[in-house]
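Residue numbers (our numbering), protein chains in the order written: chain A, 1 to 259; chain B, 1 to 231; chain C, 1 to 51.
Simulated from the structure, these hints should not be mistaken for lab results.
Where hints are given, some of them may not hold.
[As the list claims (entries may be wrong)] Residues from chain A that keep clear of chain C, each with C-beta distances beyond 10 Å, as calculated:
(1) 31
(2) 210
(3) 213
[Said to hold, decoys possible] Stretch by stretch, here's where chain C covers chain A in the computed footprint (C-beta under 8 Å, at least three residues):
(4) 105-119
(5) 123-129
(6) 221-235
Since we're looking at a predicted model, the values are computed, not measured.
Note that beta-carbon positions come from the ideal geometry of N, C-alpha and C, so glycine has one too.
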Amino acid sequence: MNTTKKSKPRKNPVVMFIHKMGSPPWFYNFTGKFIPWLWLIFGALTIWGLYLGLVKAPADYQQGESVRIMYLHVPAAWMSLLIYSAMAVMGFIALVWRIRIMEILTMASAPIGAAFTIVTLTAGSLWGRPTWGTYWVWDARLTSELVLLFLYLGVIGLYNSIDEPRKAARAACLLALVGAVNLPIIHYSVKWWNTLHQGSSISLLGGSSIDASMLWPLLIMAVAGKFYYAANLLTRARVTLLEQDMRKGWVREILKEKN
Amino acid sequence: MNAIPASGSLSRAFFALLRRDLLLAFRRRTELLFPVIFLLVVISLFPLGIGPGPQLLARIAPGVIWIAALLATVISLDALFRSDFEDGTLEQFVISGHPLTLIALAKIIAHWLVAGLPIVLLSPLLALWMNLPMESLGVLVLTLALGTPILSLIGSIGVGLTISLKKGGQLLSLLVFPLYVPILIIATAAVMASSDSLPYTQFLGLLLAGLITSVTLAPFAAAAALKISLS
Amino acid sequence: MSHAPFIWAAYLIGVVVLLWCAVAPLVKRRSITRDIRRLIQIEERSVDSNT
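One chain only, chain A, in its complex shape (with noise of 0.2 Å):
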C-alpha cells in the first residue's frame, strides 16, 4: 500500500495570532483583557505629563505661562495625524485583503482622530489669543488641521450615510486612503500658501530648540495619548461588534457570562 504522508504544515505564531484576532469573539474576549491596563498607564503618563508641564516646567521667555497649551495642543496635533496615518495603512488592509476586524478597527479611528483635531483646534485657537491677541489667526498648523478634519468628517459622514456595514466601511476605507495620499500635498502646500501671505512663517513655537524641562512633559503627554488610542479604539471595536453580531450565538454567550 502506497501512503503518501503528508507533512504537518508548520504553524508559525504570528500567523496563528492574526488568524485568531480575525474571529470576532476571540478578539473581543482578548482585547477586553488589555482595556483596563492600557486606561492605567494612560492615566498615569497623563497625571506625570501634566504634573511636568504645568506645575514644574518654567514659563516661556517670551509667551509667558500661556505656553502651558502647548503641552495639550502639540501632542493632540501629533495624535491626528498619527491616527489618520494608521486609518489609512489599516483602511489599505481592510480594502486589499477584505479583513473585517480591520474594518470595524479602521472605521473606529476616524471618531477618536476628530477628537483630537478638534482639541488641536480649540487649544490652539486659545493659544493664540493670549499670543497674537486674536482667537482664530490663518497659520499653517490650525489650517492644516481645518482641513485635516473636514478629512475625518468626510470619512465618518460617508460611513454614516451607507446602510450595509461592510460596503460602507470599504467605501470610506477607500477616502480615507485618497484624503491619506492627498494628506502631504495639502499640508505643504497650505505650509507654503501661508509664508506667501504673511512674509515670514509665523509659528506658535518659533524657530527656537525646546528646553529640556519642556521637551519631557511634551513627549510624555504624546506617549500618553497612544495610550489613549489603543484604549478607546479597541473599546470602540468590541462595541461595533456586539452590535453588528447581535443575533449570533458568541454575544448571547457574552451577555449569559455578564448576568
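Fit chains B and C to the known structure of chain A by using the hints.
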C-alpha cells in the same frame, strides 16, 4: 441606450463611450447651460455683496473666480455617473469585460468637455467682471485649463463613493473640497504672482504635474469606488 | 492680561472632548445590551407560541 460594442478593441470602446456621453449631454442642450449660468450668477454676487470697488475686486479676483469654478464643478459632478448608475448601465459596463478604469476615464473626459471647458472659455468674461488685470488673464485661463480637469478627475472619486446615496450630492462637497485645497492654493498663487509681475511658471508646472498624476491615478480610484458602490 | 483663564479653558475643553469620546462607546454598549435582551425576549416568546 447602450452604444458600446460588446466585443471590439479597447480604444474603440473608449471612443464609443466618449461619443455616447457627449451625444447624451448634447441632447439636453439646455442642461449644458446650467454650469455657465451658475458661474455668471455666483461671480456677480461678489461685487453685489462686497461693493464694486475696482481695487478690492481685482485683489480677490483670482480666488473668487477659482472658488466659483470649484463650486460649479462640484455641482455638475453628480451627473457624472448618476444616470448610468440608476438605469443599470454602469453594471453593464462592469460586466462588459472592459476595464472600468478606462470607462471611468472616458466618462470623466466627457464630463470635463461639457462642464469644465465652459469654465475655461467663460473665464475672460469673469476676469473682466472682477477687474482682473489684463496681463494676468492668460495665466488665469491656463490655470483653469490645467486645473479644471484635475477637479473633474479627483471629483470623480468622490462621485464614485457617493453615487449609491440618495443625498450623495451634499456629502460630495464635503468629501472633495479638502482634496481641492492644494489646487486652489497653487492656481491662485500663479495668477497673483503674474499680477505682481513675479515669476509664475513654477506654479503652472506644479499644476501640470498634478494633472498628469491625476490622469494616471484618479480613474483607477474612481473605478474602485464604483465597484464598492455597486457591490 | 492673565493667561490663566486661557490655559484653564483649553484644558477644560480638551478634557471634555476626550472624555466624551471615551464614554460614548460605553453608552452605546448599554443600549446595545438592552436591544439584545429585547431580541432574546422576542425570540423566546415566539418559541413559546410555537411549541
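Can you give the numbers of the hints that this structure goes against, from lowest to highest? Of the numbered hints, all hold.
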